[in-house]
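Protein sequence lines correspond, in order, to chains G and Z. As numbered in the working numbering, residues 95 to 381 make up the first sequence, in order. As numbered in the working numbering, residues 5 to 342 make up the second sequence, in order.
No wet-lab data here; the hints were simulated from the structure. A couple of the hints might just be wrong.
[Claimed, not checked] Calculated pairs, EDC-like style, for lysine to aspartate or glutamate (alpha carbon to alpha carbon, straight line, at most 16 Å):
(1) K166/Z x D257/Z
(2) K166/Z x D178/Z
(3) K368/G x D324/G
(4) K150/Z x E351/G
(5) K148/Z x E219/Z
(6) K148/Z x E96/G
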Amino acid sequence: METFLHQILSGLATGGIYASVAMALVMIYQATHHINFAQGEMAMFSTYLALTMINAGVPYWAAFGLTVIISFLGGMAIERVIIRPVEKSPVLTVIIVFIGLLLILNGLAGWIYTYTNKPFPSPFPERSFGYISGHELGSIVVTLVVLSLLYLFFRFTPLGLAMRGAAQNPESSRLVGIRVGRMLALGWGLAAAIGAVAGMMVAHIIFLDPNMMSGVLLYAFAAALVGGIDNPWGAMVGGFIVGVLENLAGHYIVGPELKLTVALVIIIGVLLFKPAGLFGKVLVTRV
Amino acid sequence: MMNPIKAATEKSAARGDTGPKPHAGALIALLAIACVVPFFLKGYHHLVLTQMLVYAIAILGLNILTGYNGQISLGHGAFYAIGAYTAAIMMDKFNLPYWSTIPAAGAICLSVGFLFGLPALRLAGHYLALATFALAVAVPQLLKYKGIEQWTGGVQGINILKPDPPFGLKITADLWLYFFTLAITIIMFVLAYNLLRGRIGRALVAIRDQPIAAEAMGINLAMYKSLTFGVSALYTGVAGALGAIVIQYVAPDSFTPFLSISILVGVVVGGLATLSGALYGAAFVQFAPNIAEKVVGIPPQIVYGLFLIGFMYIMPLGVAWFIHVARRKLLSRQPAKS
Numbered sequence: 095m096e097t098f099l100h101q102i103l104s105g106l107a108t109g110g111i112y113a114s115v116a117m118a119l120v121m122i123y124q125a126t127h128h129i130n131f132a133q134g135e136m137a138m139f140s141t142y143l144a145l146t147m148i149n150a151g152v153p154y155w156a157a158f159g160l161t162v163i164i165s166f167l168g169g170m171a172i173e174r175v176i177i178r179p180v181e182k183s184p185v186l187t188v189i190i191v192f193i194g195l196l197l198i199l200n201g202l203a204g205w206i207y208t209y210t211n212k213p214f215p216s217p218f219p220e221r222s223f224g225y226i227s228g229h230e231l232g233s234i235v236v237t238l239v240v241l242s243l244l245y246l247f248f249r250f251t252p253l254g255l256a257m258r259g260a261a262q263n264p265e266s267s268r269l270v271g272i273r274v275g276r277m278l279a280l281g282w283g284l285a286a287a288i289g290a291v292a293g294m295m296v297a298h299i300i301f302l303d304p305n306m307m308s309g310v311l312l313y314a315f316a317a318a319l320v321g322g323i324d325n326p327w328g329a330m331v332g333g334f335i336v337g338v339l340e341n342l343a344g345h346y347i348v349g350p351e352l353k354l355t356v357a358l359v360i361i362i363g364v365l366l367f368k369p370a371g372l373f374g375k376v377l378v379t380r381v
Numbered sequence: 005m006m007n008p009i010k011a012a013t014e015k016s017a018a019r020g021d022t023g024p025k026p027h028a029g030a031l032i033a034l035l036a037i038a039c040v041v042p043f044f045l046k047g048y049h050h051l052v053l054t055q056m057l058v059y060a061i062a063i064l065g066l067n068i069l070t071g072y073n074g075q076i077s078l079g080h081g082a083f084y085a086i087g088a089y090t091a092a093i094m095m096d097k098f099n100l101p102y103w104s105t106i107p108a109a110g111a112i113c114l115s116v117g118f119l120f121g122l123p124a125l126r127l128a129g130h131y132l133a134l135a136t137f138a139l140a141v142a143v144p145q146l147l148k149y150k151g152i153e154q155w156t157g158g159v160q161g162i163n164i165l166k167p168d169p170p171f172g173l174k175i176t177a178d179l180w181l182y183f184f185t186l187a188i189t190i191i192m193f194v195l196a197y198n199l200l201r202g203r204i205g206r207a208l209v210a211i212r213d214q215p216i217a218a219e220a221m222g223i224n225l226a227m228y229k230s231l232t233f234g235v236s237a238l239y240t241g242v243a244g245a246l247g248a249i250v251i252q253y254v255a256p257d258s259f260t261p262f263l264s265i266s267i268l269v270g271v272v273v274g275g276l277a278t279l280s281g282a283l284y285g286a287a288f289v290q291f292a293p294n295i296a297e298k299v300v301g302i303p304p305q306i307v308y309g310l311f312l313i314g315f316m317y318i319m320p321l322g323v324a325w326f327i328h329v330a331r332r333k334l335l336s337r338q339p340a341k342s
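Input sequences plus hints: build the corresponding full structure.
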């Protein structure tokens, strides 16, 4: 029973990280109907920036804040410079551009920081609280804070409303004076910033290396699909579900060495049997 | 709109131009070069050329799926891995001759690809890319799985022996392997040419460009799409088997997502929906990373990434179409001048 509880709680901790990355994916998907395959590498790169600052002597939380701001600006820049020219292009073109971006970020990180694993510090106390370690509890809290800030932003601020409007109905939004292009860039900035937080939280658990996020991204895909890829709150719930499922399946069923296959099975299972996910809209195409 | 190829091909088709076509003269010249030049090269270069041909087959396979049929796969490395492991297991555990592994790898990948294609049918565009991407990421872990270790050799992988030239031929094993691979490459290209130029090829392109109209005209969408997935996997599996024999070694960590992406890079750079593109793409994938790393000092990922994005901006149809269009322009200008 004790292991079971422990597995569930640490599943919730990683689940929170998956939920954040899934949220970032959904944010871009809602606005542009594109799945950002480079989301994981963007987060990885941000985490390296944070590590560079921490190693240079910047206190953890200052480095944390700076990384979030730099990632936000970087995300906006990527949207403006790389994605904007192919925004209206066919799916294949956009996916290839995303893969190109993924490769460039991965290669750059490997080039600058080498491919060796690096430990990443945690700001939370070492000791454990009952069934859960300090870092796990801390990262659940951070995830919940980030997600509630997002909720408040989208629910209660005029800018959040404008962003939702631009995502749901670009034409009408443009007619009421919303700068849709700028909203898209903001969405990318936010997605990059959320990804950066997730990267910094997960790097302490799995060590930092340029390929760190490929597994996390896979679980985030699974989370977004479980929750319904067009529903941010679904993505959040999906993240926690997938995190717990991963841990339980990894511990009781398939063993830790097949954990990624769990994500593959979840992804294909959801796509086959419930493509809209738990909370997503069922898409009907008119012929 | 589903596919970048459509817009360009329609523009060409309006001018009575159906795209890059094999040219008898160029083909004979190419074949002559491929047969004669290796005799003037040293052992290591034979391996490099052979590996390039292996890439060409894999890229051709993905191009049948992505270029002609419009289905996106980011996970073809998985089929390459299945082909490679089929060859290695047959040679190492069952002592079967190396040539018998090629059709076996093809058959196994055809069925696995067909089965994977069945559910993939329901996934258009992004979702198919996502599912295949997940496959690519999961493959190394699956290959390391303890339950199949007695066959796959786990993390260590399998070593295999280089085949000797048959009939007492007085050439090195590397050169023999080159000619063996060349023969299979030619067979695979001829098969693809025949498959794609007729009814089936037209059906694939129709599905890519106008799926609803294609279905209304009696094309069995489900069947064709899954079969295309199977055939595409077959090509990549054959390439994988050859690749294993060439490198004499298979291990889980050779089949990372980077392999799948390399095959995609080959398709994009070479030219979507062209046969000759597979050759240009293979040359790029084989030589560009090395040149970049040794001469310029840039990691291959960055080169691939820059080329992928650059090609999407500047020439989304790749080198083969670029050469084709340039040639047409040059040829059509000459009579006007004289």
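Results for each hint:
1. Distance restraint check for K166/Z and D257/Z: the Cα-Cα separation of roughly 21 Å exceeds the 16 Å cut-off, and the hinted pair is therefore not satisfied.
2. For the hint pairing K166/Z with D178/Z, the CA-to-CA distance comes to about 8 Å; that is within 16 Å, so the pair holds.
3. The hinted pair formed by K368/G and D324/G meets the criterion: a straight-line CA distance of about 14 Å does not exceed 16 Å.
4. A threshold of 16 Å between alpha carbons decides the hint, and for K150/Z with E351/G the separation of about 9 Å falls inside it, so the pair holds.
5. Of the supplied pair hints, the one linking K148/Z and E219/Z is violated, its CA atoms being roughly 42 Å apart against a limit of 16 Å.
6. The hinted pair formed by K148/Z and E96/G fails the criterion: a straight-line CA distance of about 30 Å is larger than 16 Å.
The structure fails hints 1, 5 and 6 (numbered hints given earlier, in ascending order).
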